[in-house]
Amino acid sequence: MSHQQALEELQALLGQDDLITDAAGKRPYETDGLAAIREVPWVVALPRTRDAVLGVLAICRRHRVPIVPRGAGTGLSGGARPMADGVLLSLARLKRILAIDVHNGIARVEPGVRNLAISEAVLPHGFFYAPDPSSQIACSIGGNVAENAGGVHCLKYGLTVHNVCGLVVATLDGQVHEFGGAGWDPLGLDLRAVTCGSEGLLGIVLEVVVRLTPLPPEKAVVLAAFSSLGDAGRAVAGIIRHGLIPAGLEMMDHLAIRAAEAFVHAGYPLDAEALLLCELDGTVGEVSADLARVEAVMREEGAFKLEVARDPQAQARLWLGRKAAFPAVGRLAPDYYCMDGTIPRGRLAEVLDEIARMSDEFGLKVANVFHAGDGNLHPLILYDANNPGELEKAERFGGRILSHCVAVGGAVSGEHGVGVEKLDQMCDQFSAAELAQFERLKAAFDPDGLLNPGKALPTLTRCVDVGGMHVHANSSARFTRLDRF
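Note that my numbering gives residue 281 to position 281 of the sequence shown, counting from 1, and the numbers run on in steps of one.
Everything labelled a hint here was simulated from the structure, so no lab data went into it.
Since we're looking at a predicted model, the values are computed, not measured.
One should not assume that every hint holds.
[What the hints assert, rightly or not] Straight-line alpha carbon distances no greater than 27 Å define the calculated DSSO-like cross-link-like pairs of lysine-lysine that follow:
1. 95 with 26
2. 156 with 305
3. 95 with 219
4. 393 with 305
5. 393 with 365
Using the sequences plus the hints, can you model the full thing?
Structure, rendered in structure tokens:
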């Protein structure tokens, strides 16, 4: 590994404006949304073109310098944590919307395009881009692909993988591949789906073909207040049991409700222990019929207050509190640790009770905000990093939550990815045979192991330490992951 020669070649390729080497300039890139984990990168590359990206890859491969891809840096699992001896490859300057094809309902965009910017660009044509993470105002589509991001509308419209038709991906050997395309049934292996959620382990996304969804003619948003999380959980199960698939079905507990209301004044009931937000969309007749059924289920399960918003302003007000929940919870404690486990919907009440029990055990409060419709939990563990040992305690608590998600039939990640946060819990979820298979997939794309090393890849020693996992003696120490593949 020759860092000096690599630096000279990077400077010649990118120039002074597109390569950051000074300490002050690199500091903003030391972490992503998981701010508890930091590392200052060796250099930051900010290419503006596809050719420049390929040039960076070629230099790094030639000198065996690790590469950490980064979008907007809003990820919450440490997937974009840089390396002290590696290049942080930012794709933020590749931000063009290349084409909008309204006849086929697709758009071709570069990876640095903001999630919300796609919907804004296609709104005049009567379309929107469905996946809408809470960070959609800032997060990039390339980062969404890397983490297989979701959002409040993922129950009906799916995650990123369900809304991406094609990808243009550069592998470390300098080849540019097109996975999928403008159609929905590509021939051969579905490498598009393999890449979605691969966290930069397999290649660098250069272009994304996204599916555009027609704007529904009618919407209604229902707010329901409950006296217990159990009642709200049963209402979620009842809605699905009755054959209803809302556009969004979100839950917040009392801590999250009070924080959001104090932050944005959305009109949330402060005496509720749990709140459900249910959005229905479709034709006018469909929405009216489904609304009556949803209201009936919610009342049957103990909702003591219902508010129905039919006009866009009222709907935006109700959603504002949910969308602002993460920053709002930041007002409750100096720090919080956001988890991302997925469980079967029928186990919601049981798992929330267990989280409450563990909250007492660890002496740390938890605010719960999550995609109730598809069982994707986001417990926010409140702590103060200024108190010695509290960060480590929060991390142990979070790990216990994820392990419990796996134990009840769930997964360690719903949309945030594994990154560096969930390596131990990967050992809980997958067997040695599965991990060995994922290892082979990683090696097929990146035999030198230079793309985002140390992320989502539990080592042999780590898994043995965590769970006493038995693997073949000749197995490599490096694994990749499946929960997004």
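Status of each hint after checking the structure:
1. 95 with 26: Holds. Residue 95 to residue 26 sits at ~21 Å (cutoff 27 Å).
2. 156 with 305: Satisfied, since the Cα-Cα distance of roughly 25 Å is no more than 27 Å.
3. 95 with 219: 31 Å, violated
4. 393 with 305: 37 Å, violated
5. 393 with 365: Judged against 27 Å, a Cα distance of about 12 Å means the pair holds.
Hint violations for this structure: numbers 3, 4, all remaining hints satisfied.
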